[in-house]
Amino acid sequence: MASKQPVRVLTTAAHVDFEPTSVTIAIGSGDKTKTFSADKSLLSNSSESFSRALKKEWKEGEENLVTLPEDDPEIFALYLQAVYHAIIPTMRTQNAQEEDSCCQVAREEYEKLCDLYVLVEKLQDNNVKNLVIVALSEALRTVRLDGSRYVPDAKAVASAYDGTPEGSPLRAFLRDCWVYEAAWDYTSEPHLFPQSFLYDVAVAMAELRTLPATSPPQNPDNYIGTAVEKE
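Everything in the sequence shown is counted per UniProt numbering, starting at 1 for the first residue and increasing by one.
For the record, the hints were derived by calculation from the structure and aren't laboratory data.
Some hints here could point you the wrong way.
Okay, derived cross-link-like pairs now, DMTMM-like style, lysine to aspartate or glutamate, Cα gap no bigger than 25 Å in a straight line [stated by the list, open to error]:
id, residue 1, residue 2
1, K32, E74
2, K155, D221
3, K34, D146
4, K129, D146
5, K122, D221
Ranges of calculated distance between the beta carbons of each label pair, as one might list FRET restraints [what the hints assert, rightly or not]:
id, residue 1, residue 2, range
6, S137, D221, 39 to 45 Å
7, T35, V179, 16 to 22 Å
8, C103, K32, 25 to 31 Å
9, A204, Y84, 34 to 40 Å
Here a beta-carbon is modelled for each residue, glycine too, at the ideal position from N, C-alpha and C.
Modelling step: build the complete structure from the supplied sequences, incorporating the hints.
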């Protein structure tokens with residue numbers, strides 16, 4: 001079948017420089033620092049932040065070296081997988097899943113995906129942000145080995161809200177997970193939920209519900225305790 005996209009494009013529309021220059025990215029600090037090598041053109045085309053940092057007039061662009069001391073090398077490695085191959089390898093093998101509880105496996109995956117989204121928010125890479133949302137949705141639909149599906153837990157939500165602005169698609173996704181999918185007894189650390197997240201969930205649930213035929217607060221008997229008679 002012929003492609004629906006035009007094959008002939010403007011000369012200015014070429015995406016890849018076939019004389020690539022390698023750039024080194026140092027992630028983390030101290031003993032935990034890890035260096036990565038990536039194609040300069042590919043990173044610049046994918047990320048607004050890298051595009052600006054790697055311009056020749058800046059030190060990073062002249063030396064082809066970018067340092068991100070506050071970021072996690074493991075999460076940045078996921079980012080490069082997404083940039084180069086449009087995949088995000090966070091699924092554990094069945095044997096690896098059996099070593100931990102299904103709940104723990106799901107939590108760890110959600111935490112990594114949310115941390116990746118926060119990194120990509122910082123790097124201003126909209127394409128990879130969209131990939132992360134797709135991966136989160138796939139994880140949400142996954143039936144684990146115990147027959148259950150899980151939603152992102154408080155730790156993942158806290159990380160996401162700490163690293164994204166108001167109105168973020170990731171915030172909307174997490175809110176809707178808890179509005180449509182979650183049971184409250186799933187979370188083990190409810191105190192970690194940001195107040196802004198709980199507010200978003202409360203507003204969404206109030207907007208979604210239909211007014212019931214009867215409202216419990218209209219009947220005070222629902223809240224009155226048993227009277228104690230004095231002797």
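Hint-by-hint comparison with the structure:
1. K32 <-> E74: 10 Å, holds
2. K155 <-> D221: 38 Å, violated
3. K34 <-> D146: Distance of about 36 Å is beyond 25 Å: violated.
4. K129 <-> D146: 30 Å, violated
5. K122 <-> D221: 53 Å, violated
6. S137 <-> D221: 39 to 45 Å: 44 Å, holds
7. T35 <-> V179: 16 to 22 Å: Violated - the Cβ-Cβ distance for T35 and V179, about 42 Å, lies outside 16 to 22 Å.
8. C103 <-> K32: 25 to 31 Å: 28 Å, holds
9. A204 <-> Y84: 34 to 40 Å: 36 Å, holds
The structure is inconsistent with the numbered hints 2, 3, 4, 5, 7, although it conforms to all the rest.
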